[in-house]
Structures are given as structure tokens and as C-alpha cells.
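With the hints as constraints, model all of the structure from the sequences given.
There are 2 protein chains.
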Amino acid sequence: MYRSHNCGEIRASHINKTVILSGWVQKSRNKGFIVWIDLRDRYGITQLVFDEDRSSKALLEQAQKLGREYVIQVKGTVIERASKNPNIATGDIEILVSKLTVLNESLLPPFTIEDQTDGGEDLRMKYRYLDIRRNPVKNNLIFRAKVTQEVRNYLSNIGFIEVETPYLIKSTPEGARDFVVPSRMNEGEFYALPQSPQTFKQLLMVGGMDKYFQIVKCFRDEDLRADRQPEFTQIDCEMAFVEQEDILTVFEGLTRHLLKEVNGVEINQFPRLLYDDAMRLYGNDKPDIRFGMEFGELNHVSQHKEFKVFNDAELVVGIAVPNGNDFTRKQIDKLIDWVKRPQIGALGMVYCRCNEDGTYKSSVDKFYSQEDLAKWAEVTGAKKGDLICILSGVTHKVRAQLSALRMELAERLGLRNPKVFAPLWVIDFPLLELDEDTGNYHAMHHPFTSPKPGQIELLDSKPGEVKANAYDLVLNGNEIGGGSIRIHDKATQAIMLKHLGFSEEEARAQFGFLMDAFEYGAPPHGGLAFGLDRLVAILGGQETIRDFIAFPKNNSGRDVMIDAPAPIDNDQLKELNLKLDTKEVI
Amino acid sequence: MYRSHNCGEIRASHINKTVILSGWVQKSRNKGFIVWIDLRDRYGITQLVFDEDRSSKALLEQAQKLGREYVIQVKGTVIERASKNPNIATGDIEILVSKLTVLNESLLPPFTIEDQTDGGEDLRMKYRYLDIRRNPVKNNLIFRAKVTQEVRNYLSNIGFIEVETPYLIKSTPEGARDFVVPSRMNEGEFYALPQSPQTFKQLLMVGGMDKYFQIVKCFRDEDLRADRQPEFTQIDCEMAFVEQEDILTVFEGLTRHLLKEVNGVEINQFPRLLYDDAMRLYGNDKPDIRFGMEFGELNHVSQHKEFKVFNDAELVVGIAVPNGNDFTRKQIDKLIDWVKRPQIGALGMVYCRCNEDGTYKSSVDKFYSQEDLAKWAEVTGAKKGDLICILSGVTHKVRAQLSALRMELAERLGLRNPKVFAPLWVIDFPLLELDEDTGNYHAMHHPFTSPKPGQIELLDSKPGEVKANAYDLVLNGNEIGGGSIRIHDKATQAIMLKHLGFSEEEARAQFGFLMDAFEYGAPPHGGLAFGLDRLVAILGGQETIRDFIAFPKNNSGRDVMIDAPAPIDNDQLKELNLKLDTKEVI
Numbered sequence: 001m002y003r004s005h006n007c008g009e010i011r012a013s014h015i016n017k018t019v020i021l022s023g024w025v026q027k028s029r030n031k032g033f034i035v036w037i038d039l040r041d042r043y044g045i046t047q048l049v050f051d052e053d054r055s056s057k058a059l060l061e062q063a064q065k066l067g068r069e070y071v072i073q074v075k076g077t078v079i080e081r082a083s084k085n086p087n088i089a090t091g092d093i094e095i096l097v098s099k100l101t102v103l104n105e106s107l108l109p110p111f112t113i114e115d116q117t118d119g120g121e122d123l124r125m126k127y128r129y130l131d132i133r134r135n136p137v138k139n140n141l142i143f144r145a146k147v148t149q150e151v152r153n154y155l156s157n158i159g160f161i162e163v164e165t166p167y168l169i170k171s172t173p174e175g176a177r178d179f180v181v182p183s184r185m186n187e188g189e190f191y192a193l194p195q196s197p198q199t200f201k202q203l204l205m206v207g208g209m210d211k212y213f214q215i216v217k218c219f220r221d222e223d224l225r226a227d228r229q230p231e232f233t234q235i236d237c238e239m240a241f242v243e244q245e246d247i248l249t250v251f252e253g254l255t256r257h258l259l260k261e262v263n264g265v266e267i268n269q270f271p272r273l274l275y276d277d278a279m280r281l282y283g284n285d286k287p288d289i290r291f292g293m294e295f296g297e298l299n300h301v302s303q304h305k306e307f308k309v310f311n312d313a314e315l316v317v318g319i320a321v322p323n324g325n326d327f328t329r330k331q332i333d334k335l336i337d338w339v340k341r342p343q344i345g346a347l348g349m350v351y352c353r354c355n356e357d358g359t360y361k362s363s364v365d366k367f368y369s370q371e372d373l374a375k376w377a378e379v380t381g382a383k384k385g386d387l388i389c390i391l392s393g394v395t396h397k398v399r400a401q402l403s404a405l406r407m408e409l410a411e412r413l414g415l416r417n418p419k420v421f422a423p424l425w426v427i428d429f430p431l432l433e434l435d436e437d438t439g440n441y442h443a444m445h446h447p448f449t450s451p452k453p454g455q456i457e458l459l460d461s462k463p464g465e466v467k468a469n470a471y472d473l474v475l476n477g478n479e480i481g482g483g484s485i486r487i488h489d490k491a492t493q494a495i496m497l498k499h500l501g502f503s504e505e506e507a508r509a510q511f512g513f514l515m516d517a518f519e520y521g522a523p524p525h526g527g528l529a530f531g532l533d534r535l536v537a538i539l540g541g542q543e544t545i546r547d548f549i550a551f552p553k554n555n556s557g558r559d560v561m562i563d564a565p566a567p568i569d570n571d572q573l574k575e576l577n578l579k580l581d582t583k584e585v586i
Numbered sequence: 001m002y003r004s005h006n007c008g009e010i011r012a013s014h015i016n017k018t019v020i021l022s023g024w025v026q027k028s029r030n031k032g033f034i035v036w037i038d039l040r041d042r043y044g045i046t047q048l049v050f051d052e053d054r055s056s057k058a059l060l061e062q063a064q065k066l067g068r069e070y071v072i073q074v075k076g077t078v079i080e081r082a083s084k085n086p087n088i089a090t091g092d093i094e095i096l097v098s099k100l101t102v103l104n105e106s107l108l109p110p111f112t113i114e115d116q117t118d119g120g121e122d123l124r125m126k127y128r129y130l131d132i133r134r135n136p137v138k139n140n141l142i143f144r145a146k147v148t149q150e151v152r153n154y155l156s157n158i159g160f161i162e163v164e165t166p167y168l169i170k171s172t173p174e175g176a177r178d179f180v181v182p183s184r185m186n187e188g189e190f191y192a193l194p195q196s197p198q199t200f201k202q203l204l205m206v207g208g209m210d211k212y213f214q215i216v217k218c219f220r221d222e223d224l225r226a227d228r229q230p231e232f233t234q235i236d237c238e239m240a241f242v243e244q245e246d247i248l249t250v251f252e253g254l255t256r257h258l259l260k261e262v263n264g265v266e267i268n269q270f271p272r273l274l275y276d277d278a279m280r281l282y283g284n285d286k287p288d289i290r291f292g293m294e295f296g297e298l299n300h301v302s303q304h305k306e307f308k309v310f311n312d313a314e315l316v317v318g319i320a321v322p323n324g325n326d327f328t329r330k331q332i333d334k335l336i337d338w339v340k341r342p343q344i345g346a347l348g349m350v351y352c353r354c355n356e357d358g359t360y361k362s363s364v365d366k367f368y369s370q371e372d373l374a375k376w377a378e379v380t381g382a383k384k385g386d387l388i389c390i391l392s393g394v395t396h397k398v399r400a401q402l403s404a405l406r407m408e409l410a411e412r413l414g415l416r417n418p419k420v421f422a423p424l425w426v427i428d429f430p431l432l433e434l435d436e437d438t439g440n441y442h443a444m445h446h447p448f449t450s451p452k453p454g455q456i457e458l459l460d461s462k463p464g465e466v467k468a469n470a471y472d473l474v475l476n477g478n479e480i481g482g483g484s485i486r487i488h489d490k491a492t493q494a495i496m497l498k499h500l501g502f503s504e505e506e507a508r509a510q511f512g513f514l515m516d517a518f519e520y521g522a523p524p525h526g527g528l529a530f531g532l533d534r535l536v537a538i539l540g541g542q543e544t545i546r547d548f549i550a551f552p553k554n555n556s557g558r559d560v561m562i563d564a565p566a567p568i569d570n571d572q573l574k575e576l577n578l579k580l581d582t583k584e585v586i
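Residue numbers (the working numbering), protein chains in the order written: chain H, 1 to 586; chain S, 1 to 586.
What the hints contain is simulated information worked out from the structure, not anything from laboratory work. All the given hints hold, so there is nothing to weed out.
Repeated chains share a single entry, so a pair holds when one copy, or any two copies, can fit it.
In the BS3-like style, the derived pairs of lysine-lysine whose C-alpha atoms are separated by at most 30 Å in a straight line are: (1) K126 with K498; (2) K146 with K260; (3) K65 with K490; (4) K99 with K490; (5) K17 with K65.
Below, the structure is given as C-alpha cells:
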């Protein structure tokens, strides 16, 4: 037996008991005549003591030799601590050790195993197994497990069935790039790893397996933007015989449950925002509504003067920055530089100070009167002491720019409090999205999303205006879930695929099995998927998903700890009937 | 709203209430003046009624047109049924329909959606979404979800943390063949899909994440034997600071819990059998102990006469078949043919009838006396009326042959009752296994399994005799779980890898990260993994895992429903820097 107790559970009530503990040497304080060791395991830290009076000389010497992260087992008596430590649960006691066994030695770790470590990201990733010993990482992983279990139990309790769908499926050119898996037994053929179990969950609905969920890994071979992973986890859900309202109700219930159980936050009803309103008010389909700064559209109060920049703009739009009038001229100039960075792409920024005396001072005073500026304040909701920041240009671009500025300012002003949770639904998404590069429309959600009733006729004439039965669940400025009511009849699915540019043959080759299934009594159905990594990070008050993944990959899709991916044997390639087609380096 | 109730919940207490139901037309009985429809959903069947007296003409005609598997919605009043059906939960009532909406039509399904269907396996797999509508498949999937949830809750309640490990890892030539995934971003390199999360769970132990579990998909690119799947699900577990006894206790607890909660069977303590004894008594390391027929080794009572076949044999071994003396001569001849089939490979079978009058009649009466035969009966435990079946030859072959015969006879005699559960531990497995083809030893469990204390010295002299800290959990003749105490120090791991034929460079390239990890304070650890597919099948009283997988693959690793694997675009190949290297067909 390696231990009678763990390092987090011994209390004053155990005093005089003999215990056996195992764990890692967190810290050693060696005063020569006395040695204290902090012994750590997953559950906590317990202080060990060895001294000249009460320990044998051999034992004391043995203790003095222990290095950081040595794995040891001790037997000893629980005694009261002279100077108690109220900061840890075991702070009332210590263990007077009678026997010490070194279970394994340790090299000096490459970074300190402390909450605030001296190790950089790269080093911590290479030695992730040491990083996981640190409380912040360990607690994040435990937190993730707790959230996951809450999700499973909540959904199971309301009749959802977890069904495993396959990982070795078929590649579809639609959407992001697939990871593929060559098949040895089927020469020249490949499986694909699922980007999501979308078609399978729909087939489960056709199969009558009403109320399905699955917590499942999904894969996308994308060029990794910051904080994306090639493999990620979804809470994937689908229901039959439902309308949008049924789905929102169920998953609002789940999210409310999580906020309550995990964060102790009670939220009654989630606001709902039309997609068009979200874009108009926040320039963004996943608005952070923990703070105001709603957009004010200023065209009608800014395009009547000689200011050409505004007059030529499709949209003139501003936000009121609370107490922004405190910004110095230099700070404002820096803000203007910030929006002009290529990543944001604004050509400039007009601002207007709202002075405490009710007057206004703008960067375009030569064009606009105090009355004009007062109207800007009214439209943007600016109060005395605020600063109005105004951008102008092509609508979709300027909205994105102002949204970025709004988030940046909120961050700087400390308005994005991770302990505050502001969920909302964004509904009535467009069905199609214009790809500016190709001029083609593609599915905004995916090709299985149904258009709003009566709108399918618009597909030919005004494809960009067709709204979908699609919805996103947004939390603190992040999309944590999204879904739709699906198409469930072959004819509509065929029309949809045609509009997405699939020939009949392509549609048949890719989605024939689904179209066939729709002919055998497919029920109305719809669903939603949560991004678990992000959901967990946000509930945990953080935004970096990597911190909530045990063994994440870096931005090149590499696992630097195991050094994957890696070359494989020629024999392996041969068995798969493959050859490398590497570019010649001359 | 598509429904106010589901099709399984309406009872007599609902009579006179108005309800809305949605579901599939299971069956229609049209008598002209009256139509009954069985409406089915996931939850059950409710009878609908339409008739001349109480329904409008239009409604009656509409009902008469409904085909099998049409998806409909009805509104109506719950009424008492004239002739009640005690076989279904809703059998006291029916719905007098006032409104009928066809939500989707259906082609005639290619097989009947009944518990006993007319569809063959291939057809059912192609239309798996229809197969899932059938109760046996649907109930198996629901059963699987229930078992899985029980596992998760049990382990979570005793402090296990579910941690997700990566799917895109590194290929290792050890063990079965890996599925590989070409990396687009890392030219010429490949990920591998995990055969198990073995190294990651060990790294989690090094990381202090004591008590890990995960229900996780694993992948093996093997030539598929009957009832194997290229992707399968494991309940993967690992603990730190444990000895074998700790692990057996925890997972015996889990299994006992499942048997009780899922099957209502209480089993106090699981027997333990040494590997050597399992082989001696059952010729098999996963014995079915629901019935007797233990092996009796007969060398000492059969090699003293002139019967050369026995005298030349390394092992002479028999079993007593209960009441086997009832077999006719013809039946026994067929049994002899059965053991001589190439799949079994015995050269012949000696038998001995145990007559009711206490005499014996054997096929080798010219060599053996009644006294000899009485000893055989004693050794095999044969009673009057039994039949002793005896095989002889090289020990490991003859054991396998007699084991196959034992199982076949038990099957024929109805001794393998799927409602009876007989779990046991098989312990003290050999560390290494001789590969007869190559003459090399390889790890019986895997290269991370620790030898029994003090036995590592035997690795050089008697590698085949070294026993490991390895154990299997066996249920009804199937290995449902297996595991080991792992090596946790670099030196031992290096010795082990050397004995498995890895050069130092190979060991470094493949397992360097693990060996490094062992140098930073790796704790003693061990674990176990259950094969979830088989566990669920056996608890469900069946043995075919395919019946418990929503979308299984066939023996060629194909999903015949979605038709995967499939060729991929040349562009996709090019992006992956790959070329097909297909064999020329001349």
C-alpha cells in the first residue's frame, strides 16, 4: 500500500494517527537540525517534519538529500503544527516522519512547479507532463471534467442518448479541409476524420433516435489562427420533431444549469438578438454584451455637411466610450494608430469629446456645429465625460473595424470581467454568405440548414437576403454554440446543394446517402453543437483554450512533447500504396 | 409544437385529454369503415383510430392513404380502447384523431421495421438509419449509453478525472498497425491515430493527475477477424501510487456495480486464476467458467501402455462432457470431424463413454483396461453418463484445440447462458510471448508492463518464464479488460525495450519523451482498459459487438452506408504532398 491518505485530506482530527503518504517533494527547508518538506499530490500539500530531537540521524540525513520533485513515500504520525498555515487545508498539522522511502528520483525540472512558473510556453509544452503538475493547469483539467460531466448528466436526465458516431468517415470538399486517412485494405481510397458528426446525427434522427448527444472530437485541417486546434471537442446535439423554439429552450436550460452549478451564477432568460440587429448594434454576430457601447449609426446626422469622407461612406457609425474624455490627445492618437493597423484596416477615426460643461470638441469641428455633435451624442448615447469614436466606409468593413475597437476599448477599460456572464442568442442568420474572392455564395452555417419558411423562393433572386433557421449561442463575446433546423426533404436539399454550386453528380457522390435517407420518412429535426474547449475556458474565466486541453498542439499543428507529426517508414507508405511527392529542393 | 406527448407515455389517466403526437406509421389496418394506425416513435407505440362515425370523410380517406414509415403528426382525443392490448404500455387507450398532417412521406422501406426483420445483414447495414428504427438495434444503443453513463458516474464518484488525450499522435511500429494521417502543414510527415492512449495516460500519471479515465475511440489497422472493428471504444484508466491489488479492487468494484445496476446481478468477489492455471484448466487465458468441464491432464495415467499416439505426446488432456454418453456414435464421429477441421487442427480425438453401470467403453479399448479408464474418469471428473473427450499433442496446440472443443460443446449443450455472469481475474501473465515465426519475443501486454519483482534478472536466461504484473478481467469467456503495473523508471524501461529488439536509437526516437518523463519524478503507476464494445455486448446478453455500434464497418473496413473509404481529389493529394503508388494491373 502506497498511502493511507492523500496529501490534501489530513486535518487536526487526525492528530496522533499514523499515516502513510506518497507524493512529490514540492519544497524543502533545511535548517540543518530540522528539515521541513512540503509533500504534494493531486489533492494538496502536507508538511513533513524531520528533526534532530525526534528523528534518527540517518533519517534526517536522508531527508536532507531530497531534491525537488523527488517521489517519496513516508510513514509518520500526524502532529499539531507549531505555526499554523491558514492558507492551506492541511495547515493545522504536519507529519513527524518515522520512515522515508524514495520511490523515484528527479532531475531538476526545467521550470518551477509553481502557480506562477518561470517556464515559457514552449518549454512548458515540451514538458507538458511537468506543466500538468502545476495547480493552474491541473485545476483547469479537473474543471473541464466537471463541466463535461454536468453536461452529460443534464442531457441524460432529460432523455438524451449519447451515441458514438464513427471517426473514419468520408471526405467532403464542402467546408474546411479534411484530415484524411489512407486505407490499406481499400487501395487508393481514403477515410476522412469528421469535421463534425453532422450527417450522422441527422441520420440518427431519420433512424428515430430522437434526442441524441455526443461529446466528440472533431478535426479540421486549417491554417491555424491563434488559439485554434486541429482537433477540438464538440458537444454535439440533435432532436427530432422540434422547431427552433424547442431547441433554444433545451440548450438555454443546459447553459443556465452550467452557469449555476459551475459558476454559481443564476441567469433567468437569455436575451435574443436578430443577426441583423447584432450586426447593426455591435458590428459582430457574437457581441459581448457585458458592457454597452452600442453602435450609433450616424449617416442621417453626419452626411448633410461638406465632410466628404462621411458623405462618401456607405456607413458612418460611432460608439460612446464611457469616461473617454479623460483620454489625452496622445492616447487618442494612439487609438487612431490602432484602428489604422493593417489587422484592423480603418483609414482613420473621427472623435468627439463630450465635455463636462455640455460642449463638444471634435476632430471635425470645421465641418460640424455643436448642434450636429449633440445629435451624435444622442445617437451614440454618449454622456458628459464620454468620447465618441466614429468610423466610416463600406458597411461590412466599418462594422468589423468598430467592433474590434469596441472590444479593444472594453479590454483596456476593464469592462470584460471574466466573473460576469452575459449569454445571448443570436437568431435568424442569413442562409448564404457571399465569398468576395469568388463571387459565389456558400452556406453560412452548413448545406443542411433550412431556410426560413417561405423564403426558399428568394434563393434565385436575392440569395443574400434569405434568412435561415439558424442560431448561435454567444457568451461574453464568444460563439459557444451554434445550430439550425435542418432540411429534411430531398427536394429542398437538392435545391440547396444546387445553389451551393454542386452538380447533380457531385451532390449524389457526396450526400447521396443522406438524400436517400430523406426519402424514407425523415422527421423534422434540428440541433446545435457547443465548442467544448471554448465553453470550458469561458466558464473558467479565461479565453485561451490551450490552457484547458491536456496535450494541445502548437500553431503549426505540432505536438512538441511527443514530436508529432513525424516521418513514417517506407514500408508503411508502401503498404498504403502511397509515395511522397515532395517538392524538389534545388 | 410537434407534439404534446410521445408515443410511449399515454395511459388511461389521460382519457378525454387532447394530445398531439408525431411519429412513424408502423402499421395500418384498414377495414374500410375504420382505420387503425400504430404510430411509433423512440418511446413506444400508440394506436390511432379513424372511423366513419366519428371522423370526417376527408380525414378517413387521408388516413387510408398513409403508407408504412410515413411521418405524421396527429391531434386527437385520448379514448378508452374497446379491446385492450396488455402487451404494450399504451394498450389501454387509443387516440381518436381530429387532425392529421403528413410531415414526410416514405418510400417502401427495403426491409420490414420489425423486431424480426426480413432484411439481411448487408441490406440492414446499407440502410442502417432504417435498421436503427428497429427495437433491437435502438434498445442496444440506448443500453450502451446507459452502461457508459454508469461507468462515468461510478468512476467520477470515486475521484477519477476524465481527461481527453489527443487523437493526432505519432506512429510507433510496435504492436498492431497504425492508421496514419498525412500532415499538410508538415510536409512528408504523418500523425498516427492512437491504438490506445497508453503513453499519454502514463504521462498524466507523471503529471500527478492520479486517477485518470477516459472513454475513448482507438484505432487499429488490422486485417479484420470476425467481429473486430478498425475503430473501437475503450474505457481507459490509470492510477498512480498503486499496486496490482489496488487496481483489481477498484475495477472489480466498477464491474460489480455495472452487473448490479445494469443486469440486477450481485456478485460478491471475483475469483482469481493464475495465468498458468487458466491454461492448465481451460487451455485458454479467458476461460468461460459458467460451466465446468475443466481439463484433466492424463499423461501419468495414459502413457504407460502401448498407445503410441499418447506416448509421443507432450500433453494428453481430456474433458468430461456432462451426459455426453447420450451422444450417438454418429454424433461422436461428427465431433471428431469437427476437431479435425483446419481451424481447430487436431489430428484426432479419443473418447471414452462412462456407462450408467459403471463400466467404460473407449475408442482405445485395445490399449487400456477398465482400471485405466476409471482413472481417466477420476482425473477429468467424469461421472456416470458422461463422455470423456481426449486430445493429445504439443502442449500449447492441444490446449487451444481442447479449449475450442470445450466451448463448442458448451454452446451445443446450452451451458453458455447469456443471463448468467461469471467474471474472474486472470493474473500473473507472462511478460513476453514467443513469436513462432520470427523466434523473437515480444511484449505480451505492451512494452510498458513491469516484470514481477525480482524477475527482471531472468530476462536474459529464461525470457519466456518472466511473469508480469499484468492481469485480465474475463467475463463469460471474453476478455473485457486488461492492464498492468507499468515500468516507471528509465533504466528498467531501457532494458525492456532492448529485450524487445529496439536499438537505443529506435527506443529514443519512439519513446524518448516517455523515458525523459521517467527522469522527472515518475510515480509508481498502473491501470487497465476495458473494451467497451464487447463489455456492452456481453452485459446485453449478446456477443456480436456490431449490434451495439451505431454505424459499424464491415469486415473490409468499409462503411457501406456512406460508402467510405473513397478516392479523394488529386488536389487534396497534392496539398498533402502525396502520390498514389498503385500496383500496375497488366
